[in-house]
Every structure is written in structure tokens, then in C-alpha cells.
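**Student:** Those protein sequences? They're chains U and G, same order as listed.
For the first sequence, counting from 1, position 455 maps to 455 in the numbering used here; every step adds exactly one.
For the second sequence, counting from 1, position 101 maps to 1101 in the numbering used here; every step adds exactly one.
Derived by calculation from the structure, the hints in this document are not laboratory data.
Be a bit skeptical, because a hint or two may be false.
25 Å max Cα-Cα, derived DSS-like pairs, lysine-lysine [to be verified]: (1) G:LYS1194 / U:LYS351; (2) G:LYS1234 / U:LYS414; (3) G:LYS1076 / G:LYS1007; (4) G:LYS1272 / U:LYS269; (5) U:LYS208 / G:LYS1270; (6) U:LYS351 / G:LYS1261; (7) U:LYS176 / G:LYS1003; (8) G:LYS1272 / U:LYS176; (9) U:LYS23 / G:LYS1270; (10) U:LYS269 / G:LYS1027; (11) G:LYS1026 / U:LYS208; (12) U:LYS144 / G:LYS1026; (13) U:LYS176 / G:LYS1194; (14) U:LYS48 / U:LYS134; (15) G:LYS1261 / U:LYS283.
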Amino acid sequence: MAERNMSPNKTPIPEQDPQVRNKNFDEVALGYTEEMAVSEAARCLQCKNRPCVAGCPVNVQIPEFINLIANRDFAGAYKKIKETNSLPAVCGRVCPQETQCEAKCIRGIKGDSVGIGRLERFAADWAMKNLDEKAEMPKRNGHKVAVLGAGPAGLTCAGDLAMLGYDVTIFEAFHKGGGVLVYGIPEFRLPKAIVQAEIDKLGEIGVKLETNILAGKVISIPELFEEEGFDAIFIGTGAGLPMFMHIPGENYNGVFSANEYLTRTNLMKAYSEEAATPMIRFKKVAVVGGGNVAMDSARCAQRLGADTVYIVYRRSMEEMPARQEEVHHAIEEGIVFNILTNPTQIIGDDKGYVKGIECIKMELGEPDASGRRRPIPIEGSEFVLDVDAVIMALGTNPNPIISDNTPDLEVNKKGCILADEETGATSIPGVFAGGDIVTGAATVILAMGAGKVAATAIDKYIQEKK
Amino acid sequence: MYKILKKRDLNESNVLMEIEAPRVVKKALPGQFVILRVDENGERIPLTIAGVDHETGGVRVIFQKVGYSTTLLGEKNEGDYICDFAGPLGKPTDFEDFKKVIVVGGGLGCAIAYPIAKALFDKGVEVDLVVGFKTKDLIILEDEMKEAATRLHIMTDDGSYGKKGFTTDGLDAVLAEDPNYDAVFVFGPPIMMKFIAQVTKKYGVKTIVSMNPIMIDGTGMCGGCRITVGGETKFACVDGPDFDGHLVDWDEFMRRSAMYKEQEAEAMAKHKCRMEGMS
Ligand SMILES: Cc1cc2nc3c(=O)[nH]c(=O)nc-3n(C[C@H](O)[C@H](O)[C@H](O)COP(=O)(O)OP(=O)(O)OC[C@H]3O[C@@H](n4cnc5c(N)ncnc54)[C@H](O)[C@@H]3O)c2cc1C
Ligand SMILES: Cc1cc2nc3c(=O)[nH]c(=O)nc-3n(C[C@H](O)[C@H](O)[C@H](O)COP(=O)(O)OP(=O)(O)OC[C@H]3O[C@@H](n4cnc5c(N)ncnc54)[C@H](O)[C@@H]3O)c2cc1C
Ligand code: SF4
Ligand code: SF4
Ligand code: FES
């Protein structure tokens, strides 16, 4: 074991300079070198009661993998993480570590927590570069499972079931798999090649991916069972339905849902010269909202050449739901934060293009149901921001296509599919669900966790039915 | 990859293609559409399903080469492949229990008007098909349309064939003679649909228009296709594409359709350059 590193600070991760990176789509954080990783790993105290592990929704064996890094067994560290987490290169980059594993880290009490996410990313990136292991095709057990939606929930469920010997087909509505990882989260935060590599690996263990299939409409749940012979179905279709504010002017040219803006930019690669999908290069952009989606939209707008990008958020910095790191990066890149501010209407010119957004100042009152202080408008404080585009990043609702077309499938008032927390089982026997379609918009790791839980339950269901 | 089984140039700018997609064939109903991408860098473009062939598993689309993506598609030939083809999307047209209807198609809109008219006609509905073209040379599918209607009324802007005038004139003449129709179905450019809706309003006839805003996913997740109908925001790809023509906010719709005009023109200019550079 290397000597323990008692520095109170996390080993910094090299990053592109903010003034350079806010003009390109290359990854912001460049990742640890081997030396940096070993040195950061040496900050871990190897706590006996492992509080960090309890903070991880998929139980990554944190002290163990970190110890392997400290001892320079990078391949071993990667394998340790893979035991419970099938997408470490993704999670290391996008998990909200500050509220999960790292929130529980003992070293975080005095100083910075151990950089668990950064180390996880290091191990995964190292393996991608240095390990050339072709996965072995597991022996088939003769049973078929259909997975609807190729987001993190569906991919995880498919991978686990394939490893158990199931013949798994994923049906995905878009022309590419990955879900939010490809259409939402931008290249500069999560390179698409990483997601593709993970999907390719699923192919190696026999998972089939059928794209361009809008399940529920093109093939129904009963047809999957009766005509296509599937023994069980997992639904992981996510929460992709955009919300608008229903204020005047929302249909002017230049008002987008974050979903549309990000899909054009990321999935359709509107930032690249080669792509055919058009995107207007707006000069001044207002992004409404304070979550990861808002930060991603704002930082994309900046990279697409805007001079000024505003975040318009109705509460204060403390209440902002985005990951700390994303807010920090956005500020560094020059995004202007208008907090305690709420839009009242969008103003258009005579051709129907956006020319401004009228906002009102807010103050915080008593806590509301969510425990956060409720924002209240300050009368007479309206003002106008001159912008030529407005991006609404207000959150999303569950995708209704499957539930609309499957009357027996029970959903709650918000349209989330009702699924047993322990198994993912829905109201239809043999149909399981997990991820954002069950919880509403949440996180990558929770979606993966749900996919895992369902894979175990599906295996049990099929084995018991035999 | 999806194979082009058949290609026929209907005239200089309109092309008919059949593309192999058995899953789509199995489910397609009149009024639904597909979204396709020609190649890896391609944009997702919606085209109406103009018919299916259960034997070959082919889906028929008819399109006009108006810009970059449709031109690129038009350059493909039988036996070539395109990269993506998703459908059927949107709600099928609701025929209720109409007995007597008018179907109006303007220009390329006839490609979509034709299968709808045929579906109704085959069900035993009395169908007047009013179609309009700029001039005689641009007429498409005349023989097919004759087989799909009780009465076919062809209009040309310049009077070079059929009656002289716009589809609005043709429709007005039919309704003036007998306003007792259950519904009018309209397929064509927005400006035509707007004016047709004004004519039918005068006669108080129910009017169903097929809306074609700019789309990306076609599954309800981007909101790019939103239009205002009766004061409410609708997503054309999942709530439509058919709507009540008397309730649509046409001016907003036309403004939104023109949103990327500059970018589209640029893309087309670049493509022309590349093509000329190659030859
Ligand atoms: C812009 C943005 C940034 C985010 N940033 C973070 C972050 O930094 N960290 C984090 O942890 N989380 C983040 N999230 C949240 C996270 O991405 C989601 O919680 C997670 O992706 C949910 O996974 P899922 O598998 O349930 O659904 P999704 O990722 O939404 O995948 C669902 C898939 O199903 C497909 N589908 C939908 N309907 C059908 C159908 N009828 N038939 C077939 N396929 C269908 C969709 O096309 C999609 O591919 C972010 C989300 C967004 C939008
Ligand atoms: C439900 C639906 C059904 C359609 N059916 C047919 C059909 O059967 N035959 C046919 O020829 N056309 C049809 N269209 C229109 C067709 O999708 C557009 O002509 C095509 O996308 C233009 O692409 P382009 O790159 O060649 O032209 P561009 O230069 O991009 O655009 C030319 C025109 O097409 C419109 N347009 C551009 N992109 C889109 C898009 N993604 N979605 C919709 N419109 C767009 C623009 O507003 C512009 O007016 C339909 C559209 C919709 C929404
Ligand atoms: S998966 Fe996420 S929460 Fe778990 S250890 Fe890794 S970074 Fe932390
Ligand atoms: S809590 Fe922190 S210091 Fe303790 S084992 Fe976990 S990562 Fe290491
Ligand atoms: S095309 Fe995206 S919601 Fe209709």
C-alpha cells in the first residue's frame, strides 16, 4: 500500500480552459493521469464501516476499487467496479456524486471528500484504452426478453439478462441507442463514443438493438408476448415529454423546449458542419430553469456562438437542482445567472421571431411542499431581457405512448408507470418497468439501479414459470 | 438499413418510392406518416404513408424535392439503402361514419389526398376529389385518382388542363351546387389549406386539415411541431396530423414553418456546389 495522502483537497482534474472550451464541443474534464489517480486513491482511509458504499445506489465496492488503484492494479479496479456497475465510464462522469457516494465520505467532514467519481472514471477510461477483452458470449437458456427503450435503465437490464443467458432484444424509438445519454447530455460532458462503446459491448454478448421502433404503437405489449414469443418485457422508456410554461409568446420562432434544442444539437449534431439538421446561431439566449438540463442547454448555446447566455431561475443559487460541478463550469464559461427571476411573457417581432423575454423579480417566502422556500413575485419589478432565443428547461413528464396504448398498464396521476420497488413488476404479469418512466425525471444511476433490480426479478419470474 | 424497392419519377420534381419496412406495413393506416433519414448525417424528415404493399413489405412515399434532404433522397435509386425509417407515426385519419365527402389536394398534397380518397371510396363513401396543379405538366397520379373518387375535379392555375382556377374555386363550385357534404379533407400547402378553410366555413362544412410542421422525433418529445388549435397548443406528431381546419392558427403555423428558411437555403446551395463539383 502506498503512503496515505493526507491533503485536505481533492486532486484537481485537468480541464480545458473555460475561455477555450466554451467555443468547442470537446470534453471539458480531461481525466486523471495514472499518477494523479494513485495519489487521489491514497486519500481514501479504507473505512471499515464503508459509509461511501451506502451512498451509491448500485453498491459500487468503493474502498476496494480505490485500494486497487492505490496499488496500481487498474485492471483489477475496473473489474471491481464492473461487478455492480455496468457503465462506470458514464457514471464517473455524470453521477451527482456530491449528493451520493461522496456526500457520505468520511474525508468530506474536514476538507474535500475522496474523488470517487473521478477515480471511477479513471479506471473505466484506463480499461477502455488498455484492456482488449472481447466479452464471451454467454450460453443461451432459450428464453427471450424484450426491452423497450435504450436508455441507461434499458441498457443495464439488457446487459444483465444477456449475461444470465437470455436472448434479449432492445426496441428503441430513435435511430440510436443511449437515451438521454445521447440525445440530452452534450458531447462536452459525456463523449458519445463512450456510450457507443458500451452499446457495442452489449452487442458482443448477444443483445440485439432494433432502432426506429416506437413500442406501444408499432408493436404492442400483447403482440410481443403472443406473436413474437417474448417471455417477459422491461419498459424503460424514460421521461421525455417536455413542459412549457403556458405564458404568452411561447410559440414564437426561437422558443424551444430543452429537449428540442439539445436533440438538434447533440443527437442530430447540429454543431457540426456535416450534419443536415439546421440550427440557428442565436446571439442572446435565455434558458429558463436551474437543473442539469438548463445548464446543458445554456452551455450548448454558448458553444454554438451566442454572445450572452442567461439562466433565468425563480429560486436562489442554493435551491438550484443542477449538479454543483455543472453550475461551477457554467459560471466559469461566462453564463450569466439571473436568479430569483421568473418569465412572464415572451416578446416577438412582426415576423414572429423572439426579440425579448419579460421577467419579474421574485423573493423567497415560506417553505413549500418540497421543503424549499416558495418563490413569490415582487409586484412591479418586471423587466425585459433582450434575447433572440428562449429555451424552456422546466423538466419533463413520462413518455405516454406505451401506457396510452396499453390499457391494463397502471400509471399514477403524473403518468408514471406503477412498479414494485423491489422488483419493478407492473400491473401486467411478465411486464416490468424502471428508470424515469417510473420515478419521473431522476438520474442515470437510479435508472441503472432500476434496470438491475428488474433483471434479477425477470430472471426469477421466468425461472419460476418454467 | 432500409432498401428502396421501387422508384418512379412522377415528373421533374416529384418522386414515388417504395421502401422495405415490413413492420411499418403491418400497422400503417391512412393518414399516418413515417420519419426517415437518408444517411448518417441526415436530418429526420417526415413523409406521409401513401400506400403499402403487403406482398413486398414496401411502404410507398411520394415526395417533392424541395430542399436538401428530399433532393438527396431523390438521388437514390432502386436497390439503394437509406439509413433510417420509423413509423407508422401520428394518429390515423378518423373517417367517422361519413357518407359523402370532398377530398381536396393541392400539388404534391394530391399524393396524400389520393390514398385518403381511395380508402374512403373503397369503404363505399361518395367522394368528390378536387385537385389542383400549377400547370398540365405537373399533374401526378391522374389515372390512380380517377379510380379513387366518385367524381374527379382537376383544376390548373393556368387552365392548361381541366378547369382553370385554384382548388378553392373548384371546391366553391362543388359546394355551391350542393353544400350537403359530411366533411372536407384538405391536403396541401398551408396557404391553400388556410383559404380552403375559409371557403368551407362559409358553407358550414366540417373541415379536416393535415398539418405538416417541422418535426424531429415525431413521438411527442421535442415540442418542435407545436401548433395552436382552438387556442390550445397541440403537438402535431402525436395529437395529429389531422386537425379541425376552422380552429387552426394559420398565421402562426406559416411563421413557424419558415423558421429555418435561411439555413435550408444554405444547405441546398452547399449541396448543389458539391454535386457540380463532382460532375
Ligand atoms: C439534458 C439532461 C441532462 C442530464 N444530466 C444528468 C446528469 O448529469 N447526471 C445524472 O445522473 N442524470 C442526468 N440526467 C437525467 C438522466 O439522464 C435520466 O434520469 C436517465 O437518462 C433516465 O434513464 P432511462 O433509461 O429511464 O430513460 P432515458 O434515458 O430517457 O431513455 C429512454 C429511451 O427510451 C426511448 N423510448 C421512449 N419511448 C419509447 C417507445 N415508445 N418505444 C421505444 N423506445 C422508446 C427513448 O427514445 C430513449 O432512448 C439528465 C437528463 C437530461 C435530459
Ligand atoms: C406529417 C408530415 C407529413 C409530410 N408528408 C409529406 C409527403 O408525403 N411528401 C412530401 O413531399 N412532403 C411531406 N412533408 C413535408 C416534408 O417533410 C418536407 O418537405 C421535408 O422535410 C423537407 O426537407 P428538405 O431538407 O428537403 O427541405 P428543406 O429545405 O429543409 O425545407 C423545405 C420546406 O420543408 C419544411 N420542412 C423542413 N424540415 C422539415 C421537417 N423536419 N419536417 C417538416 N417540414 C419540414 C420547411 O418548412 C420548408 O418549408 C410532410 C411533413 C409532415 C410534418
Ligand atoms: S456509480 Fe455513481 S454514486 Fe456509485 S460510486 Fe460511482 S459515481 Fe458514486
Ligand atoms: S468513506 Fe471516503 S475515505 Fe472512507 S472508504 Fe469511503 S471513500 Fe474511502
Ligand atoms: S416532432 Fe417532436 S414533438 Fe412532435
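**Student:** Hint by hint, say whether it matches the structure.
**Tutor:** Against the structure, the hints:
no.	hint	result
1	G:LYS1194 / U:LYS351	18 Å, holds
2	G:LYS1234 / U:LYS414	19 Å, holds
3	G:LYS1076 / G:LYS1007	9 Å, holds
4	G:LYS1272 / U:LYS269	22 Å, holds
5	U:LYS208 / G:LYS1270	37 Å, violated
6	U:LYS351 / G:LYS1261	13 Å, holds
7	U:LYS176 / G:LYS1003	19 Å, holds
8	G:LYS1272 / U:LYS176	29 Å, violated
9	U:LYS23 / G:LYS1270	24 Å, holds
10	U:LYS269 / G:LYS1027	31 Å, violated
11	G:LYS1026 / U:LYS208	21 Å, holds
12	U:LYS144 / G:LYS1026	22 Å, holds
13	U:LYS176 / G:LYS1194	37 Å, violated
14	U:LYS48 / U:LYS134	35 Å, violated
15	G:LYS1261 / U:LYS283	18 Å, holds
In terms of the numbered hints stated before, the structure departs from hints 5, 8, 10, 13 and 14, listed from lowest to highest.
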